[in-house]
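From just these sequences and the hints, can you work out the full model?
From first to last, the protein sequence lines are chains A and B. 1 is the number of the first residue of the first sequence in this note's numbering; add one for each residue after it. 1001 is the number of the first residue of the second sequence in this note's numbering; add one for each residue after it.
Please note: incorrect hints may appear among the correct ones.
Computed list of chain A residues with no C-beta within reach of chain B, every gap over 12 Å [as the list claims (entries may be wrong)]:
(1) Ala-6
(2) Leu-85
(3) Ile-89
Okay, the calculated beta carbon distance ranges per label pair [stated by the list, open to error]:
(4) A/Ile-264 x B/Leu-1262: 38 to 46 Å
(5) B/Pro-1195 x A/Arg-21: 27 to 35 Å
(6) A/Lys-28 x B/Pro-1011: 46 to 54 Å
(7) B/Lys-1187 x A/Arg-21: 16 to 24 Å
(8) B/Ala-1173 x A/Tyr-11: 21 to 29 Å
(9) A/Arg-81 x B/Phe-1194: 45 to 53 Å
(10) A/Arg-248 x B/Arg-1064: 29 to 37 Å
(11) A/Ser-17 x B/Phe-1075: 30 to 38 Å
(12) A/Ser-17 x B/Glu-1087: 14 to 22 Å
(13) B/Lys-1191 x A/Ala-185: 42 to 50 Å
(14) A/Phe-16 x B/Leu-1025: 57 to 65 Å
(15) B/Val-1018 x A/Arg-61: 54 to 62 Å
No lab work stands behind these hints, which were simulated from the structure alone. All of these numbers come straight from a predicted model, not from anything done at the bench. We put the CB at the ideal spot given by N, CA and C, even for glycine.
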Amino acid sequence: MEKEHASIQDYGYRDFSTLNRIYQVFKKVLIVLIVLGLYISIIVIAIQSLNESRNLSDFTRLSFQWYGNILQEEELMQAIRNTFLVSSIATVLATFLGTFFAIGLYALSKKVRVFWMLLNNVPILNADIVTGFSLMLMFRLLMVIFPNIFGLFTLVMAHLFFTIPYVILSVMPKLKETDPNLMDAAMDLGVRPYKALVKVVIPAIKAGIFSGMLLALTMSIDDFAISYFNTGAGFDNLSIWIYAVIGRRNLTPSVYAFSTLLTIFTLFGLLIYQFLQRQKKGRKNEKNNFNDIRS
Amino acid sequence: MNKEFKVLSRPYMVWLSVLVFIPILAMLVISFSNLNSSVSMSELVLSVSHFNLLWESSTLIAFRNSILFATITTFISFVLGYFIAYEIKLSKFKNKFILLTFVILPMWSNLILRTESLANIMSENNILKSIIGFNIFGNISGTWIAVLFGLVFTYMPFMILSVYTALEKIDFALEEAALDLGLRPIKKFWKVVFPLSFKGVVTGSIMVFLPTLAGFAIPKILSRGQIVFIGNIIEQKFIYTNYNHGALLAVVILIFILGSILLLTKFDKEGETLL
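Right, dumping it as structure tokens:
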């Protein structure tokens, strides 16, 4: 039979709507599975923290006792205190120093700066185990002069080594965004360079400094491998302590309780931060908001 | 910026030079020395007699495991991570920041603890089974699947962030132009979007590949010591203070890393996609 009209298929149109519908379903399933994969460990930690029994293979009864018990676990509390001590010292120093270093690097000519920014990437890209092992060897050589070097000092030095680069990477894009005339204007008005730096440049880049600080804190608080090689004298942070204890198979469920609390605080902290940003910025779109914390 | 501020970078140049080069130099020297558990610092002499360590079958197997797992992890993370990043970009949800926050939120809790809880629910009798009645993972404790699962879902967020950063920078006008010129959406994706986001894929791949290659905690916990990565051998050498052996293996890993950094700088000069 002869066709009267050419169909749109004859013009090269192909109907993908069935295929597309299948893809839409497949897509949703995949997203759910991936999110589950990302969150399963967090969910399990939360369940384990609510279990009355210490036995990890059997959920006996819902109980909040391990939450109340956190403060009584002396070893855990010591590890938490050590973690916060090292991370707060490292974060404060890294944020302060990193900001000024970034300004210094930005003042260099482009060619020189690219070289130093490349070197700045080394601590970030270098594998933790290589950074940790090589720093450990250097400190070990220094032990000839300072026998008791391992402990808080080596840990803070190691943490500064890998947190400063993150602060610099966060501050640098903000410096590039600032109007170069800002500084000149301040100086034309008779402000000394360093005063202008503090009064004009720092406020202009403070979003970058803040996100750099958050990043430094995140990296420092969760670090395992570098700390593992550079600690000493029983100065364990949380990761090292957990790693040692799971070998002995008697981890207290209070650790899960602590971790769950931390996750909840982080979530709320981020949501509140986001909420405040929205209020402040009002009309600015979400792309800028995202950049503020991340870049 | 005022040229006067150049001075501010001087201390950092010293700091970086000292802490990047001296430890690596120390590591190189020690890898060529006889420094191990029975030799003290004062008896240090150059030696290469321990180099046969590199050809021992246990070392070779560890290298093979590390490279194999790192490659597969990177590939799976790329496929799944790109998919998620692209869906986030396409989503009609106004606040993309919140979506990204949910992707990276798990990274804020302790890595070792997360890995340990994964290992718990991968064993035969576990807490999820006692609640829902069946094993969602089957009994994969100690197998390569367990390790791969742990590695992929630990490091995938790095891939998602890098790819999303690259995707976000693509000008929508280019996509519109491609559609106007008659490309089908799939073709538009392959010919326009994917090439433009490739920089992010490279960065993301490196950020997944390197920690996987050099990691030791995740394989140790999830394989229950069955699958040995090169990092596990270095850890053993560290525990038994065989520093020359550990240093030698770390130098080999370093060579891989240098290769990756060179690759990255080809695509991304100032490391802008790193964050």
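Against the structure, the hints:
no.	hint	result
1	Ala-6	holds, 19 Å
2	Leu-85	holds, 17 Å
3	Ile-89	holds, 16 Å
4	A/Ile-264 x B/Leu-1262: 38 to 46 Å	holds, 42 Å
5	B/Pro-1195 x A/Arg-21: 27 to 35 Å	holds, 28 Å
6	A/Lys-28 x B/Pro-1011: 46 to 54 Å	holds, 53 Å
7	B/Lys-1187 x A/Arg-21: 16 to 24 Å	holds, 20 Å
8	B/Ala-1173 x A/Tyr-11: 21 to 29 Å	holds, 27 Å
9	A/Arg-81 x B/Phe-1194: 45 to 53 Å	holds, 48 Å
10	A/Arg-248 x B/Arg-1064: 29 to 37 Å	holds, 31 Å
11	A/Ser-17 x B/Phe-1075: 30 to 38 Å	holds, 31 Å
12	A/Ser-17 x B/Glu-1087: 14 to 22 Å	holds, 20 Å
13	B/Lys-1191 x A/Ala-185: 42 to 50 Å	holds, 46 Å
14	A/Phe-16 x B/Leu-1025: 57 to 65 Å	holds, 60 Å
15	B/Val-1018 x A/Arg-61: 54 to 62 Å	holds, 56 Å
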